[in-house]
Every structure is written in C-alpha cells, then in structure tokens.
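Could you build the full structure based on these sequences and the hints that come with them?
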Amino acid sequence: MATTAFCRDTSCQFFSDGRRKVDYVLVFYQRKQISVRGGDRLHRLSAPPHPPHRLSVISNGSSPLSGPVGGVGQGGLGCAAGQRSAGDGEVCVDLAVEVELEADPAEGEMVLIREEFEARLLEAGLEMERDTEVRVYGPSFTRLHVPWQVLSREAEFLKIKVPTKKSYDLKQENGFSASLSEFWRKVNQPFQPNIPQLGHSTTKQLSHCFSRDKLHFPTPRPTPRPTSRHAPRYAPSPTHLLHDEWARYGAFYKYQPVDLIRKYFGEKIGLYFAWLGVYTQLLIPASMVGIIVFCYGCYTVDMDVPSLEMCDKQQNFTMCPLCDGVCDYWHLSTACGTARASHLFDNPATVFFAIFMSLWVATFLEHWKRRQISLNHSWDLTGLEEEEDHPRPKYETILLQKRQMMRNKEKKNEKKKKKKKIETGVEKLTWRDRLPGYLINISSILFMFGLTFSAVFGVIVYRIVVSALMAMSPDPETKSNVRVTVTATAVIINLVVILILDEIYGAVAVWLTELEIPRTESNFEQHLILKAFLLKFMNAYAPIFYVAFFKGRFAGRPGDYVYVFNDYRMEECAPGGCLIELCIQLSIIMVGKQLIQNNVFEIGIPKLKKLIRAWKGKGISLEEREEQRARPPQQWNLDYTLVPFEGLTPEYMEMIIQFGFVSLFVASFPLAPLFALLNNVIEIRLDAKKFVTELRRPDAVQAKDIGIWYNILSGMGKFSVIINAFVISFTSDFIPRLVYQYMYSQTGTMHGFIDHTLSHFNVSNFRPGNAPTSSYLSETTVCRYKDYREPPWSAEAYQFSKTYWAVLAARLAFVILFQNLVMFLSLLVAWVIPDVPKNISEQLKREKTLLVDVFLREEKEKFHLLQSLFSSKDLRSSDTSVVATWSLNAPLYLSPM
Numbered sequence: 001m002a003t004t005a006f007c008r009d010t011s012c013q014f015f016s017d018g019r020r021k022v023d024y025v026l027v028f029y030q031r032k033q034i035s036v037r038g039g040d041r042l043h044r045l046s047a048p049p050h051p052p053h054r055l056s057v058i059s060n061g062s063s064p065l066s067g068p069v070g071g072v073g074q075g076g077l078g079c080a081a082g083q084r085s086a087g088d089g090e091v092c093v094d095l096a097v098e099v100e101l102e103a104d105p106a107e108g109e110m111v112l113i114r115e116e117f118e119a120r121l122l123e124a125g126l127e128m129e130r131d132t133e134v135r136v137y138g139p140s141f142t143r144l145h146v147p148w149q150v151l152s153r154e155a156e157f158l159k160i161k162v163p164t165k166k167s168y169d170l171k172q173e174n175g176f177s178a179s180l181s182e183f184w185r186k187v188n189q190p191f192q193p194n195i196p197q198l199g200h201s202t203t204k205q206l207s208h209c210f211s212r213d214k215l216h217f218p219t220p221r222p223t224p225r226p227t228s229r230h231a232p233r234y235a236p237s238p239t240h241l242l243h244d245e246w247a248r249y250g251a252f253y254k255y256q257p258v259d260l261i262r263k264y265f266g267e268k269i270g271l272y273f274a275w276l277g278v279y280t281q282l283l284i285p286a287s288m289v290g291i292i293v294f295c296y297g298c299y300t301v302d303m304d305v306p307s308l309e310m311c312d313k314q315q316n317f318t319m320c321p322l323c324d325g326v327c328d329y330w331h332l333s334t335a336c337g338t339a340r341a342s343h344l345f346d347n348p349a350t351v352f353f354a355i356f357m358s359l360w361v362a363t364f365l366e367h368w369k370r371r372q373i374s375l376n377h378s379w380d381l382t383g384l385e386e387e388e389d390h391p392r393p394k395y396e397t398i399l400l401q402k403r404q405m406m407r408n409k410e411k412k413n414e415k416k417k418k419k420k421k422i423e424t425g426v427e428k429l430t431w432r433d434r435l436p437g438y439l440i441n442i443s444s445i446l447f448m449f450g451l452t453f454s455a456v457f458g459v460i461v462y463r464i465v466v467s468a469l470m471a472m473s474p475d476p477e478t479k480s481n482v483r484v485t486v487t488a489t490a491v492i493i494n495l496v497v498i499l500i501l502d503e504i505y506g507a508v509a510v511w512l513t514e515l516e517i518p519r520t521e522s523n524f525e526q527h528l529i530l531k532a533f534l535l536k537f538m539n540a541y542a543p544i545f546y547v548a549f550f551k552g553r554f555a556g557r558p559g560d561y562v563y564v565f566n567d568y569r570m571e572e573c574a575p576g577g578c579l580i581e582l583c584i585q586l587s588i589i590m591v592g593k594q595l596i597q598n599n600v601f602e603i604g605i606p607k608l609k610k611l612i613r614a615w616k617g618k619g620i621s622l623e624e625r626e627e628q629r630a631r632p633p634q635q636w637n638l639d640y641t642l643v644p645f646e647g648l649t650p651e652y653m654e655m656i657i658q659f660g661f662v663s664l665f666v667a668s669f670p671l672a673p674l675f676a677l678l679n680n681v682i683e684i685r686l687d688a689k690k691f692v693t694e695l696r697r698p699d700a701v702q703a704k705d706i707g708i709w710y711n712i713l714s715g716m717g718k719f720s721v722i723i724n725a726f727v728i729s730f731t732s733d734f735i736p737r738l739v740y741q742y743m744y745s746q747t748g749t750m751h752g753f754i755d756h757t758l759s760h761f762n763v764s765n766f767r768p769g770n771a772p773t774s775s776y777l778s779e780t781t782v783c784r785y786k787d788y789r790e791p792p793w794s795a796e797a798y799q800f801s802k803t804y805w806a807v808l809a810a811r812l813a814f815v816i817l818f819q820n821l822v823m824f825l826s827l828l829v830a831w832v833i834p835d836v837p838k839n840i841s842e843q844l845k846r847e848k849t850l851l852v853d854v855f856l857r858e859e860k861e862k863f864h865l866l867q868s869l870f871s872s873k874d875l876r877s878s879d880t881s882v883v884a885t886w887s888l889n890a891p892l893y894l895s896p897m
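End of the sequence shown sits at 897 in UniProt numbering; the numbers just go up one at a time, nothing left out.
There's no promise every hint is true.
[Stated by the list, open to error] Derived lysine-lysine pairs resembling DSS-like cross-links, with alpha carbons at most 27 Å apart: (1) K161 to K607; (2) K159 to K862; (3) K860 to K848; (4) K689 to K166; (5) K165 to K21; (6) K689 to K607; (7) K159 to K263; (8) K609 to K593; (9) K848 to K263; (10) K254 to K689; (11) K689 to K610; (12) K862 to K848; (13) K848 to K159.
I should point out that these hints are in silico values taken from the structure, not numbers from a laboratory.
Here's what the structure looks like:
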C-alpha cells in the first residue's frame, strides 16, 4: 500500500467480519451541490443529476471499520435509499438527486454507469462493503473482496503461471567455478537487502499455467484477523520491507529487492527498476574509463605541442579582430587557458573512449536482454501471451456519441420520409473520425519544432549581441572575459528554456495523443511515448547540435563575414576549437537538468500538491472538522490524499534523455557517465521513496519487457555511433593533427601545427567599417585567422587551399571507417553474448521434460484407476459408481479452506 501511514496491524486489511480481506477500494466523489434524498421508500428521478461524478480505483488499502458495515451478502447493494438493513444497520443511499435546472444528459449517466459497474462486479463474483456513514458530498468508499473461486477462474482464463508442488534440484557448480561463485557471493553479501527468503536456493519449483483440474497447485488459505492484543506478531509487511531496505537513502549501496518490488507493484514497475539498476551498474565501468581518459588529458597537458605553441608568446601570432570596428587585433597567446582546457577533452584517448562507449551501449543492451529473460523465467512470464486490451473509456464514449448521432440522423430522415438508409451499427472509429486530430498533431509538432529552433536562434542572437556590446566596453577586464561570460550565461539561458519547454511539451504530448483517440491503453501509451520523446529530444539536444556541427562553420572569413540582421557577425569558435564549448554546453545542461528537473522537481512538486490539497481541505465547515477529529481516519482516507500514479513514461523519459547525454556526445565530455552514475544512485532511492510513501499504489500490470523503450535505446545506440564519428572528425582537431603529422610535418611531430592551421589576411582588404578604428597594433599589415585558405599573395587569394580538401577527405574517410568498425564490433559483441543465459536455457528444457513426465504419470494413474474400477467385481450399485467417480477427481484438488 503506497501510503505515508503504514498499516501496523493486520486488522486493517479485512472486512468488518474479520475474515474477508480487502483487495481493492473504490472511491466515488460526490460534488458539494448534490442533495441526497432520504425517505422510507426508493425514489427515482427522470431528470439526471446536475453535478458530474468521478469513479476511480485508489488502491487495495483497508482499515478496521469503526462501526458495523454490511457487505454484499448482508443487504448491501440491493437495499433501498434511506432504508436500513435489518441485519447490520447499513444505510444505503440513493445517489439520485433532485435538480431544478436542465442538466447535460451525459453527466446524469455517470450515476447509472456506477450502478451498472457495481452490478457487473457483483455478477463477476466480487464482494462489497460500504461505509456506514451517509455523505452528502465528498469521497465515499467501497471495499472489494475477491474470493478464491474468482481468483482461480481468472487465473485460469489469463493463463497465469504458478508454482506447482513438483520441484527439482538446480545444477550445482563444481571445482574452481564453485569456489569463485561462493567467494563472489560472500563479497556481495553486505550489499544484499535484508529480505526474507532472498537467499541462495538449490531447488526450484516447476511452474505451469493455473488449472483448477490439477492437483499440483497449492491453494492459499485465508488469514483470520487477530482477535486479541496478545496474538503473535506477524512478519513485516512488504511496505515496511520496501521502505527500510529500498526507499531509504541510507540503503544506496544495496542492490534493489527486485522480486519484492515485482510482487508488490507488478511486473511492469518491477522491470523498470530492474532496467534502471542494470543501467546504473554498467555506468560504473564507463565512469571509471571516463575518469582515466580525463586524467590522461590532465597528465599530458604540459606535453601537448599545439597547446604549448599557442601559449608561447614568442610565436607572436597576431589574430584578426573578433568584431567589426571596436575590436582590436589580439595575440593568440592570450587564449592559452582555452587551449589547455581543450586538451583535457580533445586528446587521442578521446577516440578510444568514443569507441569504448559505442561498444558499451551494445554490451548494455545485450546484458539487459539476458537480465530480462532471467527475470521472465524467475517470474514465470516465459510463455506469457499478450492479451488484447479493452477499449479506453474515452474511445467508447466518442464511439457511443457517433452511434447516437447516426441514430438521430436516421430519425430525422424518417421524419423527412427519405429512403436513404444510414448504417447505425458503428463498430469502430475510422480514419475520417481521427483526421482532424492527425492534422492538429502534425501542425502542432511542426510548430513546436519551430519554437525550439526559435529558442536556439534567440540564444545565438543573444550571444552575438552581448559579445559585441562587451567588446565596446572601455574596461579591459570586461573585454578579456567576453567569451567566458557569454558562453556561461548563454548556456544557463538554454537550460532554463529547456526546462520550461520540457514541461510544456509533456502536457502538449498528452493533449495531442488524446486528439488521436487511440483505441486501447497500450496504443495510447505508445503514441504518447513517441511524441514526448520526439519533442523532448529536439528540445534537449538542439543547442548541443548547434555548437557541435554548425557554430563557426558559416561565419565567413575576414573581409567577407556573414551577418545577422545586417549588423552583427555570426559567432566563431574559440581559438582552441568548438569542442571545449561543446563540453561546457553539455556538462551544464546535463548536470543542471538532472539536478533541477530529475531531483528538485520530483521532490518539490509532490509536496506542493500535497500542501495545495491540505489547503483546500481547510475549506470544510467547523462541524465537519470536529467530526473528523473525533473519528480516526481510515486507511483508505489516507490513501486518497496521496498523489495518483500517472504512469512510467516520465520516469523512463528522464533516463532516456540522460542515456543520450552519456552516449551521443560522450566524445566531448568523458565525465558524463560519472555524473549520470551519481544522479542515478540518488534517482533510484528518490523514485523508491516516491512509490512507497507518496503515490497511490498502482495497479499491477503484467509485462514481459520494457516495450518500445528498448527500441528507442537501440536506435539511440546506433545514432550515437554516427554522432561521435562526426564529433571526433569535424568538431575536434584530431583529424587535422593526424593529417599534419603524417603529410605536412617535416619532422613527423606536431611542431608547427598551429602555424599550419592559421591562414593569412591582408588588413588592407578589410571592407569599410570592418577594420579596428583604433589599435595598439597599428603597424599590423597581416593578421591570422583559423582556416585553410590561400594567402593574399596567391593567384587564388582567400580560396580554400589543397590542405582544406585533404583534411575534408580525411574527415569523411574517418567517419566511414569509424562507423563501420564500431558497427562491426557491436555486432560481434551481440553475437558473442547470447540472449538467453546458458543456465536458463538448460532449466527451460529440463522443466519442459519434467512437466511432461508429471502429466503423463498423472494420466497413467487415472488410467490404472479406471482399469481397476471396471475390472472389479464388487461394483454392484450406482452409489458405489458415484463414489468411485468422485474419488477419481478428488486427489486432483486441494481443499480451499
């Protein structure tokens, strides 16, 4: 039960009779305007009630009743309004209300829908128990109990696998492997959660689809409620165990109790936390390699020849102005700090790390497939068949409205005596019904793409304008910090815009998916995931893509710059290259997004909602407040104040976007896996605390896998290979350095690389207004700029040189080579690592053989019994025949009581 007030006594889990367990609680919220009619007889209204009603499943919460409450079998559902049951004093309230104003018929049908819903629950075999008190408005609760007969019937219908009595011994390891496993088990022991029955088992029970005709399935016995204070204490509830061993920050170093999570929340939520645990564990080796790469950059920064040449003041490279008019010529040695910082992330080890992370993605996906199959086997989901989902209520409502419209048209045609027949038996919605929603979806998504690009362009304009304004400042310190200040403030603005648009896009994705009118809940979830991922992916990565692949590539050259609004020059990369700016952009957005959105929002927003609900609750009258104080709150009242569960899509989306930061641009920021690991250690406990203490317990949903999220992960893994290839090839200086060292360097070293990458420009070729108005270096005749162009004294002045085309060819060749190499290695990893673990494969074969033997033995016993019965000469009467027939099937069952 997801509640902040744990049920300390098992008495809060039963009906008032102390025997029937509360399995679910339904809540029916009545608006304040409703007037409940009482009387000695049942009243019915032809007019529908005015206020809308809402029916929802809270949880399977329960608590002891403060007074006598009648169940279904005790005069519950069928008694009249205002009438008191003779057996238990239950008061049944007719929810029909007197309404003077004409109301919407759709709203009035909600009461009838609730009555029909409860009647169908009774027809299905469920048992009910209502509150004794009569509520004029507010929530009223109905407890449900599912008898064993109903559970067994549904389990057989759904083909749910359950353990049988038959068990077998697991294959034990021998020799060195057994010693190694035992050593690893002892090492891991401090990290295991303290959960009963979680130890290593040497036997396993066979599982098979539940059948009421088999003798192998143990039948649970009902647990009576304790009748005295001196009754023996029961084992701790799953809620206590989850809270103590999982939902505490102090348990951050322990493994997750995935089996207990699955048992309490269901397979779908259990698979999410299992996936998150596997992802977090595999971030550990990625983080270690990233730290080693970063340390290598720190260790070799003083030995990097290009950085030393940039910092050497004796080289005296006079660079062209960074802006028109007010900016002066400057020396390249002033960018020494940027060059040294760039080497920390732009070094030969970065290429190795990019290849390693591409293989890490493949290994992670393969490892998760193996883990998923292991969980399916241990959770008895191996042969689970996907059942067709029921239509969504909104879909059925719109379909009902369409049928009603068709009937109305038919009636109008009959009045007008038209012979044209209109088909009223509409079975489903067609593409014509969804066409307006599709058009709105396409136009809205295109609009939001444009909004994202506009936000990125606005930040670009901000950088250009602020850079020009700061360059005009007379303060020399302000001028020297232009690039750092503009870069940092622009990234922070980007982060704020991303966080705001992220929340907007999440709400818009839900709205757009509703317009599509998906038929089933699974279709709705898939469409929602695709839209939300597409919008949030563009929102999170658009600024990073700009810095990585577009910044500085369309700025032009001295004397022929590209301008924005005819006044401001397009921005260029820093002298050390755009990779350091990409690193800053990625690190701030990633860390800021995780810190603010994934942690602060998840903690603050639920608490804020809780405060708002508490503030709204203060609006009740003084009499009701005194009544509430005198009456202790029931468990379902406490559960009702919790936050409703809204699905796993937001949880998965956070991790998928983070996975993109870790895999897509990891060549520019090797410490990304480390920050992701630190975030996930907190994220797991934060999500656990939220599920255990702040959310209503969600419905358990069976699932064999994580669904469409695996396809998204696989697609991002393949996309990351291409992105990292282009980052290394076009954003970093790795390829130009290789080309220089092996094609142009006379000594085969990197000496002279900086001079090789700088082109010459004759300052007399500046356009009017572009040259500095006042300069400390007035004697400058030639300035340098970073590009591969012909010098001014060449016949093809300022055109791309042969070196440019050689470097471009090498970059494209590297992209092709890197992509094919990594793809081949990824396929090799996928081939080497089998999807199904060997021990699981052997167990599946053995279980299949053992089950066949069990059922063959059972049939053989039946055959021998029949043979002995028919061959016996003592069968004289029909009574004996009846007894023998009963005894044939009697051993197949266990007593349900």
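Verification of the hints:
no., hint, verdict
1, K161 to K607, "40 Å, violated"
2, K159 to K862, "24 Å, holds"
3, K860 to K848, "18 Å, holds"
4, K689 to K166, "38 Å, violated"
5, K165 to K21, "25 Å, holds"
6, K689 to K607, "13 Å, holds"
7, K159 to K263, "18 Å, holds"
8, K609 to K593, "22 Å, holds"
9, K848 to K263, "25 Å, holds"
10, K254 to K689, "15 Å, holds"
11, K689 to K610, "15 Å, holds"
12, K862 to K848, "21 Å, holds"
13, K848 to K159, "17 Å, holds"
Going down the numbered hints, you'll see the structure goes against 1, 4, while the others check out.
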